[in-house]
Amino acid sequence: MALFTYETKKDTRSGFGAGMEYLSQHNPKVVALCADLIGSLKLEGFIKNSPERFFQTGIAEANMIGISAGLTLGGFIPFATTFANFGTGRVYDQIRQSVAYSGKNVKICCSHAGLTLGEDGATHQILEDIGLMKMLPGMVVINPCDYNQTKAATIAIADYEGPVYLRFGRPVVPVFTPEDQKFEIGKAVHLVEGTDVTILATGHLVWEAIQAAEALLEKGIKAEVINIHTIKPLDVQAILASVKKTGCVVTAEEHQYNGGLGDSVAQYLAMKHPTPMEFVGVNDSFGESGKPAELMEKYGLNAEAIVAKAIKVMARK
Amino acid sequence: MQTQEIQKISSQVRRDILRMVHGCQSGHPGGSLGCTDLLVELFFNTMHLKTDSAGKVVFDMDGKNEDLFFLSNGHISPVIYSVLARRGYFSTAELATFRKIDTRLQGHPTPHEHLEGIRIASGSLGQGLSVAIGAAQAKKLNGDQSTVFCLMGDGEQNEGQVWEAAMYAPHHKVDNLIAFIDENGQQIDGPTEKVMSNRDLQAKYEAFGWNVMRMDGNNAEDIQNTLKKAKAELGQGSPIMIIMKTEMGAGVDFMMYSHKWHGVAPNDQQLQDALAQLEETLGDY
Numbered sequence: 001m002a003l004f005t006y007e008t009k010k011d012t013r014s015g016f017g018a019g020m021e022y023l024s025q026h027n028p029k030v031v032a033l034c035a036d037l038i039g040s041l042k043l044e045g046f047i048k049n050s051p052e053r054f055f056q057t058g059i060a061e062a063n064m065i066g067i068s069a070g071l072t073l074g075g076f077i078p079f080a081t082t083f084a085n086f087g088t089g090r091v092y093d094q095i096r097q098s099v100a101y102s103g104k105n106v107k108i109c110c111s112h113a114g115l116t117l118g119e120d121g122a123t124h125q126i127l128e129d130i131g132l133m134k135m136l137p138g139m140v141v142i143n144p145c146d147y148n149q150t151k152a153a154t155i156a157i158a159d160y161e162g163p164v165y166l167r168f169g170r171p172v173v174p175v176f177t178p179e180d181q182k183f184e185i186g187k188a189v190h191l192v193e194g195t196d197v198t199i200l201a202t203g204h205l206v207w208e209a210i211q212a213a214e215a216l217l218e219k220g221i222k223a224e225v226i227n228i229h230t231i232k233p234l235d236v237q238a239i240l241a242s243v244k245k246t247g248c249v250v251t252a253e254e255h256q257y258n259g260g261l262g263d264s265v266a267q268y269l270a271m272k273h274p275t276p277m278e279f280v281g282v283n284d285s286f287g288e289s290g291k292p293a294e295l296m297e298k299y300g301l302n303a304e305a306i307v308a309k310a311i312k313v314m315a316r317k
Numbered sequence: 318m319q320t321q322e323i324q325k326i327s328s329q330v331r332r333d334i335l336r337m338v339h340g341c342q343s344g345h346p347g348g349s350l351g352c353t354d355l356l357v358e359l360f361f362n363t364m365h366l367k368t369d370s371a372g373k374v375v376f377d378m379d380g381k382n383e384d385l386f387f388l389s390n391g392h393i394s395p396v397i398y399s400v401l402a403r404r405g406y407f408s409t410a411e412l413a414t415f416r417k418i419d420t421r422l423q424g425h426p427t428p429h430e431h432l433e434g435i436r437i438a439s440g441s442l443g444q445g446l447s448v449a450i451g452a453a454q455a456k457k458l459n460g461d462q463s464t465v466f467c468l469m470g471d472g473e474q475n476e477g478q479v480w481e482a483a484m485y486a487p488h489h490k491v492d493n494l495i496a497f498i499d500e501n502g503q504q505i506d507g508p509t510e511k512v513m514s515n516r517d518l519q520a521k522y523e524a525f526g527w528n529v530m531r532m533d534g535n536n537a538e539d540i541q542n543t544l545k546k547a548k549a550e551l552g553q554g555s556p557i558m559i560i561m562k563t564e565m566g567a568g569v570d571f572m573m574y575s576h577k578w579h580g581v582a583p584n585d586q587q588l589q590d591a592l593a594q595l596e597e598t599l600g601d602y
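Sequence order for the protein chains is A and B.
Residue 307 in our numbering sits at position 307 of the first sequence; the count goes up by one each step and never skips.
In our numbering, each residue's number is its place in the second sequence (first place is 1) plus 317.
FYI, nobody ran anything at the bench for these hints, they're computed from the structure.
Given the structure is predicted, the values throughout are model-derived calculations rather than measurements.
Keep in mind that the hints are not guaranteed to be accurate.
Listed below are several chain A residues computed to face chain B (Cβ distance under 10 Å; list not exhaustive) [said to hold, decoys possible]: (1) 7; (2) 38; (3) 39.
From the derived model, a few chain B residues whose C-beta atoms are all more than 12 Å from chain A [what the hints assert, rightly or not]: (4) 341; (5) 342; (6) 437; (7) 560; (8) 564; (9) 587; (10) 592; (11) 600.
Idealized CB from N, CA, C, for every residue including glycine.
Produce the complete structure using the sequences and hints provided.
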């Protein structure tokens, strides 16, 4: 039985591009910067509508972050864009000092997060970016699940005052959330109601979590699926209410165990409501070349892996 | 403002720097003393700053329609703090809190503690020029005719990000920007020529497309004249870089001609010896 259906598959980065195109027409304060990856970030629409509000930095990400910080003076809302590895790890200190510590209203928006850019391999994949960004005081961290949600998140963060990290990706994935959704930063979205196990998923793993819930239902297990699109600030009320009901939890993300959604949830539950917990993510490893689906299978980031962890964690109740 | 008046203020700022660093027994007096003449000229004469009807400076973060200054080599925080306080952004009494617990005058400047006059954190080197360029481009987008200034150190030129910014500004015709390099020839591990030679900074920046000028950064008259010339050449398609020769520790004879005083505080006797060389012109805090 299908819990959710979809008509098309699209890449989340195109949702970002659509959101930027919307902002080019509706928010004159939004400016965009890119480090020589306009096509990959789907910025053509923004640039076509607002060429004077676009800044090409060349392959110079550190400078891009500094310029973004400077552009906030005078009231602009810079969206600094590149691949997730180059937009976080490569420029961590620039983000730390010139954006986060300086309290600047910069949106760091990165595609190709996680493993799913595939063939380019580990130099262009990143599985540490959520951790890097969430450790910065005051930084909001968002990982939307599909095209529609990424578009909505892109539009929403322009109205939020403060630094934000928005991560998304390259592969086409089912578009299953509403086109007209209102995106609320820090507000988890209940997708499937259940009583036996809580599955907290983020980004591309949300669709996999729905598939896992369907498979579990066939085994007579009622899984509750919650889309944690905002890792920081974490919707702890939604998480607490769900695990009090189900008594166990699995987190799922395209990221390292260390620093990801899972350890934010574990830290919270350890303090407030210790609960049996299992993690779906990458366990202290770099990625590698391969087709996205092959990588997700090899690294255990799919519905099957979630099903296995759900059964395992239920036995620990 | 006449250069004699600038020099009087500079004497007081130098006293402030020495007393601040002595007060907490930490901080960076050498570069602060070396850049005093530039910062006093900028804030007391060259820069157009927002003021209220009574002529008192007022601070807002956006800084629209006023000149902006970014300190990239944040370790010379004593000089910017003293100059901002003397210019009226906050009380000179607050200078006594420098580097002490609960202070807004952190070891390196930050807007995190809401200190009037500071718009960006600096200290981790190489980032200020990028920020200044962004602020200059924001002014252009806003149709704001005012100017952005940025000071870097010469040791700071080691940082790769500086050269990313150096390439960007002429490409994007950021011609409402005047940047400075404090060429004191010293960095922590010794003379820049030994640690990491900058070779010919003028030729380098010119090759990147900057309009490069030189001045004596400890000569009030030369500073004033060069800034006048630089301002006249704004808006012509190129950012301006002024390489200024300074002496670390300028104004205190035993602190000059060495990098020994880069990050060392004077003891009680050294403070007295240094203050004896600097006239108290505006009243110590």
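Verification of the hints:
Look at residue 7(A): its Cβ only gets to about 40 Å from chain B, farther than 10 Å, so that hint breaks. Annotation: residue 38(A) was flagged as interfacial toward chain B, and the flag is violated, the nearest CB pair being 16 Å apart, outside 10 Å. Against a cut-off of 10 Å between C-beta atoms, the interface hint on residue 39(A) is violated, since the closest Cβ of chain B lies about 20 Å away. Annotated as non-interface, residue 341(B) keeps its C-beta farther than 12 Å from every C-beta of chain A; the closest such distance is 21 Å.
With a cut of 12 Å on Cβ distances, residue 342(B) stays outside the contact zone with chain A, its closest approach being about 25 Å. Here residue 437(B) does not stay apart from chain A, with its beta-carbon only about 5 Å from theirs, under the 12 Å limit. No beta-carbon of chain A comes within 12 Å of the beta-carbon of residue 560(B); the shortest separation is about 21 Å. For residue 564(B), the requirement that its beta carbon stay farther than 12 Å from each beta carbon of chain A is met, with the minimum near 29 Å.
No beta-carbon of chain A is positioned within 12 Å of the beta-carbon of residue 587(B); the least distance is around 32 Å. Residue-level check passed: residue 592(B) sits 34 Å from the nearest beta carbon of chain A, beyond 12 Å. No Cβ of chain A comes within 12 Å of the Cβ of residue 600(B); the nearest lies about 33 Å off, and the non-interface call holds.
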